[in-house]
Amino acid sequence: MSRGTMKLERRRSQPRTSAGRWILYVVVGLIILYLIFPILVVIPLSFSSAHYLTFPPPGFSLQWYHKFFSRSDWRNAAFLSLWIACSVMVLATLLGTAASLGLVRGRFRGRQSINTFLVSPMVVPSIIVAIGLYFFYARIGLIGHPIALIVAHTALAVPFVVVNVSATLYGFDERLEFAAMNLGANRWQTFRQVTLPIIRPGVMAGALFAFITSWDELIVALFVSGTGAVTLPRKMWDSIRFEIDPTIAAVSTLLIVFTATLFVSAELLRRRSERLRTVIVTEVE
Amino acid sequence: MAESTASVSIADQTESAGRNRATLARLRREVQLRYIAVVIPLILYLLFFYAYPVIAMLFRSVSEPTWSLTNYSHLVQTNVYVHVMWITVWISIVVTICTLILGYPVAYLISSVTTTKSNLLIVLVLVPFWTSILVRTYAWMVLLGRQGIINELLQSLGIIDQPLRLLNTRFAVYVSMVHILLPFMILPLYSVMRGIDRSVLRAAEGLGARPSAVFRQVMLPLSLPGVAAGCLLVFILSLGFYITPALVGGPKDLMISVLIAQQVDLFNWAFASALAAVLLVGALLIFVIFNRILGVEKIFGEVRS
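Chains as they are written, first to last, in the working numbering: chain A, 1 to 285; chain B, 286 to 590.
Only chain B is shown next, with the shape it has when bound in the complex (with noise of 0.2 Å):
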C-alpha cells in the first residue's frame, strides 16, 4: 500500500514537472512573440517607405525606356560620367585622409587628458557636429569668397592685389568637407582610445621605450579599430555628400549626388537610378565592411555620451 502510494506521488511530481516545463516553454513563446511584435511595425514601416521605393528606383534603371541594360552600358562609355565617379572617390579619399591626420591628435588628446579638459573639447567637437551642414557651408562661403574674410584680410596686410579666386574651386570642396566630417572621425577614434589601457603605454615607457616607439609600437597598432572605423565612416558619407560641393564646387567638381540630382532634374529618371545604383552598390559594401570590423552600434551610441 506504502509503496504505491510512493509511486503514485512520484509519477505526479515528474507529470507536474513535465507540465510546469510545458507552461514555462509557453511562456517563454509567448514573451519571444510579444518582441517579435513590437518590431514589427518598424520593419513594415521602413519596408514600405524606405526600401520599397529605392528598391522600385533600382527597377526603373533596368526596366526603363525598355528592359535592358542601356541606362549602364551609356554610363560606362561616356567618359565624363565615368569622370565623375572618379572624382567622387579621389575626393573622398583626399577628406577621408586628411580628417584622420587632423582628427588623430584631437582624440588622442581627448584620450589622454583629465575629465574636465576632455569635456571640454569633446563639447568643442560636438558643437559643429550639431551644427546643420547648411550653416557650416554657408560660413566656408562668407569665409572663401571674392569679398570674403579671408581674401579682405589678405587685401588689407598687401600681400595680394586682386582678390584670389578660392569659392567654387577643389580647394574648397576639400576645406569645407574636411571641416563637417571631422568630428565623425574624432568620434569612433575617440572611443577607441579611450578603451586603451593606459599602463601599458607606461610599461613600455618603464621598459626604455622612446616616445616614437610607444606610439608606433603600442598606441598606434592599439588604435587600428577606431581609425578603420573612423576612415570607413567618412569615406561613406563623403561618397554621397551633396550640398557642400554643389555649394562651394566648380564645374570640374562635380560628385555624383550632384550629377544624380542634375539627371532627375532633366526628367533622365532612368539613367539618374542608374547612377544611384552604383552610388548605393558603393557604400553598401563598405558599410557591410565596417559593420564587420565596428559595429554602427559603438560608434553612433559614443556620440551621445
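Just chain A, same shape as in the assembly (with noise of 0.2 Å):
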C-alpha cells in the first residue's frame, strides 16, 4: 500500500474514530475526576473557621493547624511515625536488597518459592498478620513498643523493595561487575561503584515504598501500639471515631502535601538517575 492510499483511508475513518476519541476523553475525564476531587475536598476543609464539619467553610481560620501542632499528642504520634518509617525503610532496604541480589543472580535450587514467600506478604491481607502478631507480641510482652511496629511494618514493607530491586537486576548486565573484579576492584569496591550506582532507581523506588508503607499503616497499629506507641495513622483512626473536628482535615492535608512532595522528588531523583545513566550507557557504546 502506497502512502497516499493510507492518508486516505486514514482520512476516511478519520470522523467515526474523532468522535469514539472524543467520547473516551470525556468519559476518562470524569473518572479522574472521581479519583482526585475527593482528596482535594479536604483542603478547603482544613482551613475552616467553624467548629464542625461544614461545607462550604463559613470563613478562612488557621485553627486546626494551630491545633495539631499546639497539641503534644499529635506531634508525639508525627514524630514517631517518622521514626518508625525511617528505621523501616533503613531496616527492609538492607534486607531486600542483599535478598534480591541473591535471588535473582543464584542459581539454586527453590529460588521461585523463595521468591513467592519472601513476596507474599504484599497480598496476605494486613488483618491476618497484625492479629498473628498481636498473639505473638502478647505472649512477648512487646505490645506498645515502638519496636513491635518496626518489626513488623519491615515484614510488610520488604516484598516492595525485593520487586523494585530485582526488576533492576533483571536487565543488569553482569560483564561490568566482571570487568571492575578484572580491573583490580576487590567485590565491595565492585558492589559499592559498579552494581549500586545502576540499580540505585530500584533501590530509592523499593526504600520509598517502605517507608511509605509504615507511615501509612494503620491496621498493625490498631492491635499492636497499644497506649505506648500511637503512630499519626492510629491517633486519626481514633480521632476520625471519637471527635469529630476538622483537625483531622488539617492533618490530611498535611498529609497530601507531604506525600505529594516526597513523590515529585522521587520522581525528579528517578528522572535524574535515568539521564545520568543514558549518559553513560551513550558514552560506553
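Please keep in mind that the hints were generated in silico from the structure rather than gathered at the bench.
Keep in mind that the hints are not guaranteed to be accurate.
As the list claims (entries may be wrong) - Not close to chain A: a few residues of chain B, all C-beta gaps over 10 Å, as computed:
hint	residue
1	SER353
2	SER358
3	ILE382
4	THR401
5	VAL512
6	LEU551
What the hints assert, rightly or not - What follows is a set of in silico ranges between Cβ atoms, one per label pair, in the way DEER data are often shown:
hint	chain 1	residue 1	chain 2	residue 2	range
7	A	PHE108	B	LEU507	31 to 39 Å
8	B	HIS368	A	LEU82	38 to 46 Å
9	B	LEU405	A	TYR52	33 to 41 Å
10	A	ARG21	B	GLN362	53 to 61 Å
11	B	SER403	A	LEU262	21 to 29 Å
12	B	GLN440	A	ALA19	33 to 41 Å
13	A	ARG271	B	GLU300	51 to 59 Å
14	B	LEU442	A	ARG139	52 to 60 Å
Even glycine gets a Cβ: it sits at the ideal position worked out from N, Cα and C.
Combine the two chains into a complex, taking the hints into account.
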C-alpha cells in the first residue's frame, strides 16, 4: 500500500474515530475527577473557621493547624511515625536489596518458591498478619513498644523492596562487574562503585515504598500500638471515630502535601538518574 | 625422546585443564554460596516475624479450647458468620467489576496517547494511589455525611428537603472502595496495553474492520492478561479490606476483616483465628492463580515507572 492510499484510508475513517475518541476523553476525564476530587475536597475544610464539619466553610482560619502543632499528642504521634518509618525504610532496604541480589543472581533450587514466600506479605491481608503478631507480641510482652511496630512494618514493607530491586537487577549486564573485578576492584568496591549506582533507582523506589508502607500503616498499629506507641494513622483513626472536628482535615491536608512532595522528589530523582544512566550507556557504546 | 616429551606435555595440559575446570567449579560454587548467604537473613526474618506468628495463629484455631474443629463448625453453623463471608465475597465481586469498567477506558487512553499526555494521566492516577487509605476514606466521610458536601449541595439546589442517608450504607462502601482500588486496576491494565503493538490495530483497521470490531476482536483479547491480573489483584485486596468498611459501612455491611477485629476485641481469639484462616486460604488460593497468570513483579514493578 502506498503512502497516499494510507493517508486516504485514515482520512476516511477520521470522523468516526474522532467522535469515539471525544467520548473517551470525556469519560476518562470524569473518572479522573472521581479519583482526584475527594482528595482535593479535604483541603478547603482544613481552613474552616467553623467548629464542626460544614461545607462550604463559613470563614478562613488556621485554628486546626494550630491545634495540630500545639497539641503534644498529635506532635508525638507524628514524630513516632516518622521515626518508625525511617527505621523500617533502612531495615527493609538492607534486607530486601541483599535478598534480591541473591535471588536474581543465584542459580540454586527453590528460588521460585523462596521468591513467592518473600513477596507474599504483599497479598496476605494485613488483618491476618496484624492479629498473628498481636497474639505473638502479647505472649512476649512487646505490645505498645515502637520496636514491635518497626519489626511488623518491615515484614510488610520488604516485598516492595524485593520487587523493585529485582526489576532493576534483571536488566543488569553482569559483565560490567567482571570488568571491574578484572581491573583489580575487590567485591565490595565492585558493589559500591558498579552494582549499586546501576540498581540505585530500584533501591530508592523500594526504600520509598517501604517508608510509605510504614508511614500509612494502620491495621497492625490498631492492635499492636497499645497506649505506648500511638502512630499518626492510629491517632487519626481514634480522632475520626471519637472527636468530630476539622483537625483531622488539617492533618489530612498536611499528609497529602507531604506525600505529594515525596512523590514528586522521587520522580525527579528517578528522571535525573535515568538521564545519567543514558549518558553512561551512550558513552560506553 | 622427543616423543616422550610431547606425551608428557599433553598429559600436563589435560591435567592443568582438569585443574582449571575444578577451580572454576569451586569458584562457581563459592559464588553461589555467597548468593544463598545474602538471601538467608531475609528468609529468617520473615520466618520468625511473619510466618511463625501467622502459623501459630492458625494452630490456635484448632487447638483451643480443645483439639478439635469446634471453631470451624461454629463458623459454618452460625448464619450470621456465613452471611458475613457471603457479603465479603459479594462486595469484592461488585468492587472488582466496577473498577474494571472504570479502569479499562482510563488504561486504554493512557496507553494510546503521546508520552507527555500519558505522563500527566499517570501522575493523576498515582496521586490517589500514594495518598493514605485513611485520608481517602475520611474524604468520603466528608462527602457523604448527613451534613456532607453532597447533601448540602442537593439541598441548596432544592432537589431534596431532608438530607439523604448516604454514609454507613452499602453504597458508601462501594463508592469509596472502588475509589481506593481503582489505581490497582489501572496500573496492571496499562502495563499490558502498553506492550500491545499498535500496528496490529492499524492493520485490522486497514483491512476494513469497524472500530468496534477492532476493539472486540483485537484489543480486548490482547489486553486479557491485564484484565485477569487487575481483577485478581483488586479482588484479593477487597477480600481483606478493613479500614473503609469499618468507617463508611453500616451494620449490614460487616466484612470478614471487621468481624475478625471484633472477635479479637471480645477475646474470642481462637474463633478469630478460625475466621482468619478462612480469609487466608481464600486470599492465598487467588494469589497462586494470580502468580501463574502474571508475575507479581510485573504489576508492582510497573507502579514505579
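A quick look at each hint next to the structure:
1. SER353: The claim holds: SER353 of chain B sits with its nearest Cβ about 19 Å from chain A, beyond 10 Å.
2. SER358: holds (21 Å)
3. ILE382: holds (15 Å)
4. THR401: At about 14 Å from chain A, THR401 of chain B clears the 10 Å cut-off, so the statement holds.
5. VAL512: holds (17 Å)
6. LEU551: With a cut-off of 10 Å, LEU551 of chain B remains clear of chain A, as the shortest Cβ separation is near 13 Å.
7. A:PHE108 - B:LEU507: 31 to 39 Å: Cβ of PHE108 of chain A to Cβ of LEU507 of chain B: about 36 Å, so the range 31 to 39 Å holds.
8. B:HIS368 - A:LEU82: 38 to 46 Å: Holds - the Cβ-Cβ distance for HIS368 of chain B and LEU82 of chain A, about 42 Å, lies within 38 to 46 Å.
9. B:LEU405 - A:TYR52: 33 to 41 Å: Check passed, 37 Å falls within 33 to 41 Å.
10. A:ARG21 - B:GLN362: 53 to 61 Å: holds (56 Å)
11. B:SER403 - A:LEU262: 21 to 29 Å: Once the Cβ atoms are compared, 22 Å apart, the range 21 to 29 Å for LEU262 of chain A and SER403 of chain B holds.
12. B:GLN440 - A:ALA19: 33 to 41 Å: holds (38 Å)
13. A:ARG271 - B:GLU300: 51 to 59 Å: Once the Cβ atoms are compared, 56 Å apart, the range 51 to 59 Å for GLU300 of chain B and ARG271 of chain A holds.
14. B:LEU442 - A:ARG139: 52 to 60 Å: holds (58 Å)
The earlier numbered hints are all upheld by this structure, with none contradicted.
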